[in-house]
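Colleague: What follows is each chain in one-letter form.
2 protein chains.
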Amino acid sequence: MRPLLLFRVARLLSRPMSDDPRLTPLVASLPASVPFVGPETMERAAGHAFAARLGANESVFGPSPKAIAAMQQAAGEAWMYGDPEAHDLRLAIAAHHRVDPAHIMLGEGIDGLLGLIVRMTVAQGVNVVTSAGAYPTFNYHVTGFGGTLHTVSYAGDFEDPERLIAKAKEVKARLVYFANPDNPMGSWHSAATVQDMIHNVPAGALLLLDEAYVDLAPEGTAPPLRPADERVIRFRTFSKAHGLAGARVGYAIGPKDLIAAFNRVRNHFGLSRISQAGALAALGDQDWLAHVQRQVGAARDRIAAIGMENGLTPLPSATNFVTLDCGAGVERARALLEELVARGIFVRMPFVAPQNRCIRISAGQPAQLDLLAEVMPAALAAARARS
Amino acid sequence: MRPLLLFRVARLLSRPMSDDPRLTPLVASLPASVPFVGPETMERAAGHAFAARLGANESVFGPSPKAIAAMQQAAGEAWMYGDPEAHDLRLAIAAHHRVDPAHIMLGEGIDGLLGLIVRMTVAQGVNVVTSAGAYPTFNYHVTGFGGTLHTVSYAGDFEDPERLIAKAKEVKARLVYFANPDNPMGSWHSAATVQDMIHNVPAGALLLLDEAYVDLAPEGTAPPLRPADERVIRFRTFSKAHGLAGARVGYAIGPKDLIAAFNRVRNHFGLSRISQAGALAALGDQDWLAHVQRQVGAARDRIAAIGMENGLTPLPSATNFVTLDCGAGVERARALLEELVARGIFVRMPFVAPQNRCIRISAGQPAQLDLLAEVMPAALAAARARS
Numbered sequence: 001m002r003p004l005l006l007f008r009v010a011r012l013l014s015r016p017m018s019d020d021p022r023l024t025p026l027v028a029s030l031p032a033s034v035p036f037v038g039p040e041t042m043e044r045a046a047g048h049a050f051a052a053r054l055g056a057n058e059s060v061f062g063p064s065p066k067a068i069a070a071m072q073q074a075a076g077e078a079w080m081y082g083d084p085e086a087h088d089l090r091l092a093i094a095a096h097h098r099v100d101p102a103h104i105m106l107g108e109g110i111d112g113l114l115g116l117i118v119r120m121t122v123a124q125g126v127n128v129v130t131s132a133g134a135y136p137t138f139n140y141h142v143t144g145f146g147g148t149l150h151t152v153s154y155a156g157d158f159e160d161p162e163r164l165i166a167k168a169k170e171v172k173a174r175l176v177y178f179a180n181p182d183n184p185m186g187s188w189h190s191a192a193t194v195q196d197m198i199h200n201v202p203a204g205a206l207l208l209l210d211e212a213y214v215d216l217a218p219e220g221t222a223p224p225l226r227p228a229d230e231r232v233i234r235f236r237t238f239s240k241a242h243g244l245a246g247a248r249v250g251y252a253i254g255p256k257d258l259i260a261a262f263n264r265v266r267n268h269f270g271l272s273r274i275s276q277a278g279a280l281a282a283l284g285d286q287d288w289l290a291h292v293q294r295q296v297g298a299a300r301d302r303i304a305a306i307g308m309e310n311g312l313t314p315l316p317s318a319t320n321f322v323t324l325d326c327g328a329g330v331e332r333a334r335a336l337l338e339e340l341v342a343r344g345i346f347v348r349m350p351f352v353a354p355q356n357r358c359i360r361i362s363a364g365q366p367a368q369l370d371l372l373a374e375v376m377p378a379a380l381a382a383a384r385a386r387s
Numbered sequence: 001m002r003p004l005l006l007f008r009v010a011r012l013l014s015r016p017m018s019d020d021p022r023l024t025p026l027v028a029s030l031p032a033s034v035p036f037v038g039p040e041t042m043e044r045a046a047g048h049a050f051a052a053r054l055g056a057n058e059s060v061f062g063p064s065p066k067a068i069a070a071m072q073q074a075a076g077e078a079w080m081y082g083d084p085e086a087h088d089l090r091l092a093i094a095a096h097h098r099v100d101p102a103h104i105m106l107g108e109g110i111d112g113l114l115g116l117i118v119r120m121t122v123a124q125g126v127n128v129v130t131s132a133g134a135y136p137t138f139n140y141h142v143t144g145f146g147g148t149l150h151t152v153s154y155a156g157d158f159e160d161p162e163r164l165i166a167k168a169k170e171v172k173a174r175l176v177y178f179a180n181p182d183n184p185m186g187s188w189h190s191a192a193t194v195q196d197m198i199h200n201v202p203a204g205a206l207l208l209l210d211e212a213y214v215d216l217a218p219e220g221t222a223p224p225l226r227p228a229d230e231r232v233i234r235f236r237t238f239s240k241a242h243g244l245a246g247a248r249v250g251y252a253i254g255p256k257d258l259i260a261a262f263n264r265v266r267n268h269f270g271l272s273r274i275s276q277a278g279a280l281a282a283l284g285d286q287d288w289l290a291h292v293q294r295q296v297g298a299a300r301d302r303i304a305a306i307g308m309e310n311g312l313t314p315l316p317s318a319t320n321f322v323t324l325d326c327g328a329g330v331e332r333a334r335a336l337l338e339e340l341v342a343r344g345i346f347v348r349m350p351f352v353a354p355q356n357r358c359i360r361i362s363a364g365q366p367a368q369l370d371l372l373a374e375v376m377p378a379a380l381a382a383a384r385a386r387s
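Going line by line, the protein sequences match chains A and B. For the first sequence, position 339 (counting from the first letter as 1) is numbered 339 according to our numbering, and the numbering increases by one without interruption. For the second sequence, position 84 (counting from the first letter as 1) is numbered 84 according to our numbering, and the numbering increases by one without interruption.
Watch out, some of these pointers could steer you wrong.
Just so you know, same-sequence chains aren't split out, so a pair can sit in one copy or run between any two.
Stated by the list, open to error - Derived EDC-like pairs: lysine to aspartate or glutamate, alpha-carbon spacing no greater than 16 Å straight-line:
no.: 1; residue 1: Lys66; residue 2: Asp285
no.: 2; residue 1: Lys256; residue 2: Asp20
no.: 3; residue 1: Lys66; residue 2: Asp287
no.: 4; residue 1: Lys172; residue 2: Glu309
no.: 5; residue 1: Lys256; residue 2: Asp19
no.: 6; residue 1: Lys256; residue 2: Asp100
no.: 7; residue 1: Lys256; residue 2: Asp229
no.: 8; residue 1: Lys256; residue 2: Asp88
no.: 9; residue 1: Lys256; residue 2: Glu230
no.: 10; residue 1: Lys169; residue 2: Asp370
no.: 11; residue 1: Lys256; residue 2: Asp285
no.: 12; residue 1: Lys256; residue 2: Glu219
no.: 13; residue 1: Lys169; residue 2: Glu309
no.: 14; residue 1: Lys66; residue 2: Glu230
no.: 15; residue 1: Lys169; residue 2: Asp88
It is worth saying that the hints were derived from the structure and are not from the lab.
Using the sequences plus the hints, can you model the full thing?
Modeller: Right, dumping it as structure tokens:
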């Protein structure tokens with residue numbers, strides 16, 4: 001058991017650097033931090049691989065076999081740049097959603113698209129609103145372009161649409177970030193609530209609606225697409241339910257002029273040819289998506305049951321993970337995380353109080369959840385002894 | 001024959017847009033242009049696929065079979081995010097070059113890395129020096145971050161290191177871009193000349209040495225790696241000789257503090273897991289690289305011969321393309337390009353005078369070059385009739 005190594009790695013990555021005098025003042029002012037330490041980094045520090053990789057909300061159920069086959073086919077064609085317009089994929093996505101393709105922009109995951117939309121709209125002194133403890137990669141981009149972050153606390157374990165909008169009005173925010181379903185808590189709001197939020201976006205602001213997990217949420221979680229609405233841009237991904245996190249394909253749905261403006265700043269040839277082929281095949285295999293949805297549902301139930309058997313409180317989830325309330329503050333949650341990691345189970349936890357009283361466990365294969373059930377009592381006992 | 005369609009497509013992409021008022025003043029000021037129109041866009045406009053795709057300096061000889069196999073294997077693991085540190089690949093590259101891995105940064109092609117280094121060093125009003133007619137994607141990034149471009153003309157068909165350095169001194173440039181070998185002319189300077197250039201980089205400036213094509217150049221083209229040298233950052237890629245353009249993997253070699261600063265702004269999880277696996281296997285297959293180098297050499301000779309048979313002057317090349325001087329100004333070159341494209345052969349041409357008296361043809365398979373030889377006389381006759 002070497003849980004402390006994890007934190008040594010994190011410190012190493014954020015050590016102060018001697019600055020190159022040619023950096024812009026903005027970049028020189030940025031911390032050398034990484035939003036997430038990758039599981040491979042932890043494995044190298046620990047000296048062995050995880051038995052269960054359940055920390056990054058990846059889909060252990062894998063991509064569609066048709067997507068794998070398409071990528072294997074495309075591997076031999078990797079000498080060609082990918083189509084910079086991702087035309088076939090863009091048209092397929094547009095047809096899937098029954099919208100004009102001019103409302104769709106592909107990018108290297110939602111992370112890449114968030115970086116671009118922040119670059120397009122945020123300069124030094126521009127105000128941005130998000131929830132305290134929401135997606136840190138978004139915050140990284142805002143800070144990276146000199147924006148000023150204003151946060152609103154969660155209401156219980158839910159993001160708070162009304163207070164996000166109120167804060168946006170108060171600070172005259174350019175951007176408001178809101179994820180539905182939410183990461184890291186797994187909670188969600190109804191389509192009607194989200195539609196109300198869109199309706200109330202103040203003039204001059206843009207709502208970034210991150211729907212990375214929406215394929216795993218109940219019907220009625222996503223409001224109908226009205227892509228001409230200038231108040232909102234929505235983000236979807238092939239990284240979660242479609243099981244293609246490592247291929248890096250996400251897309252934005254928004255008003256045409258805003259979507260077209262991505263062409264002024266994006267890396268036009270940045271989307272892998274293999275990834276485009278994989279995403280296109282994944283989109284075409286809705287049976288596989290339904291299969292994954294069923295597997296994720298079963299895994300959520302199992303994680304919740306394991307939590308309850310051990311005195312932890314599972315939060316309801318509309319995602320491919322379950323957040324377990326450890327019931328005793330950040331120290332207990334962190335200790336349990338470390339004890340699970342030391343037993344070969346990669347999990348993560350929220351960064352900010354009061355959500356950091358929880359740990360977050362991604363949907364696993366039955367055998368992985370058997371292992372989780374097996375090690376949880378000892379991990380929890382060790383965590384209680386420490387915290 | 002519908003060559004005009006190409007230009008219709010280009011116009012469409014650059015049509016004026018109604019601006020979103022939430023864009024930053026800088027982004028609102030940017031043209032909606034694309035550095036390169038992709039061949040798929042041209043094919044869609046023409047209604048049929050190219051018979052020979054010889055315009056984007058891709059490697060028609062393909063990636064190593066070992067790289068294909070590694071990517072096919074990794075396709076099934078694409079549900080996992082790629083290692084954000086690209087640890088295995090970075091260490092392999094470092095070992096290959098016998099440098100400390102802390103001098104290496106991976107990115108989504110040289111295009112992606114150029115965007116990051118420009119973001120890190122260029123803000124509005126910062127001066128940047130390049131050659132008139134050199135890589136347009138670099139210029140796109142400089143403009144995109146508000147920098148001011150200063151250009152130096154080529155000396156004949158060569159970039160001019162001395163005048164680039166003199167201009168950098170004159171305008172107190174932060175960045176100087178220099179490609180060796182050069183694209184689009186295929187020319188190159190000796191390692192000694194490049195080392196002199198590095199030696200003369202003025203204080204406060206950084207030389208961006210783009211060595212995308214260096215694997216295809218004669219021995220003695222690249223100066224020895226001295227990665228601690230604060231005056232230069234060098235760029236290499238798996239897109240050219242390694243045949244992985246569609247996988248998007250490039251890397252920078254530079255001083256440790258500057259390399260570490262990429263971590264403040266990059267998209268940490270942006271590198272495809274499949275691409276990392278492919279690049280690692282490609283690097284390990286130096287026999288395949290030698291095979292490609294031989295094939296490229298033969299193709300260069302053949303393109304030169306086809307040019308000479310038709311009264312065009314081939315320029316010496318240290319790359320995987322040959323630039324043919326059409327001998328009669330931009331109209332003749334453009335007409336010949338269009339006539340070749342209309343006959344199913346995708347080629348490109350330089351953007352700026354006097355280089356735009358040429359067309360640029362990538363190394364092809366023997367059958368593709370047979371086709372080139374077959375259609376060239378009629379294409380040239382048609383071009384002469386038009387220009």
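Colleague: For each hint, tell me whether it holds in the structure or not.
Modeller: For each hint, the structure was consulted:
1. Lys66 <-> Asp285: within (7 Å within a copy, 29 Å between copies)
2. Lys256 <-> Asp20: Answer is between; shortest inter-copy Cα gap is 10 Å, intra-copy 40 Å.
3. Lys66 <-> Asp287: Within. Shortest intra-copy distance 11 Å satisfies the 16 Å Cα cut-off; inter-copy 33 Å does not.
4. Lys172 <-> Glu309: The answer is neither: 47 Å in one copy and 68 Å across copies each exceed 16 Å.
5. Lys256 <-> Asp19: between (41 Å within a copy, 10 Å between copies)
6. Lys256 <-> Asp100: For Lys256 and Asp100, only the intra-copy Cα distance (9 Å) is at most 16 Å; the inter-copy one is 46 Å.
7. Lys256 <-> Asp229: within (10 Å within a copy, 46 Å between copies)
8. Lys256 <-> Asp88: Neither, since 18 Å and 41 Å both go past 16 Å.
9. Lys256 <-> Glu230: Result: close within a single copy only, 9 Å intra versus 44 Å inter.
10. Lys169 <-> Asp370: Close neither inside one copy (48 Å) nor across copies (66 Å); limit 16 Å.
11. Lys256 <-> Asp285: Neither: 28 Å inside a copy, 45 Å across copies.
12. Lys256 <-> Glu219: neither (27 Å within a copy, 50 Å between copies)
13. Lys169 <-> Glu309: This pair counts as neither: shortest intra-copy Cα distance 45 Å, inter-copy 71 Å.
14. Lys66 <-> Glu230: Neither way: Lys66 and Glu230 sit 36 Å apart in one copy and 48 Å across, limit 16 Å.
15. Lys169 <-> Asp88: Neither: 40 Å inside a chain and 47 Å across chains, both beyond 16 Å.
Comparing the model with each earlier hint shows violations of hints 4, 8, 10, 11, 12, 13, 14, 15; every other hint is respected.
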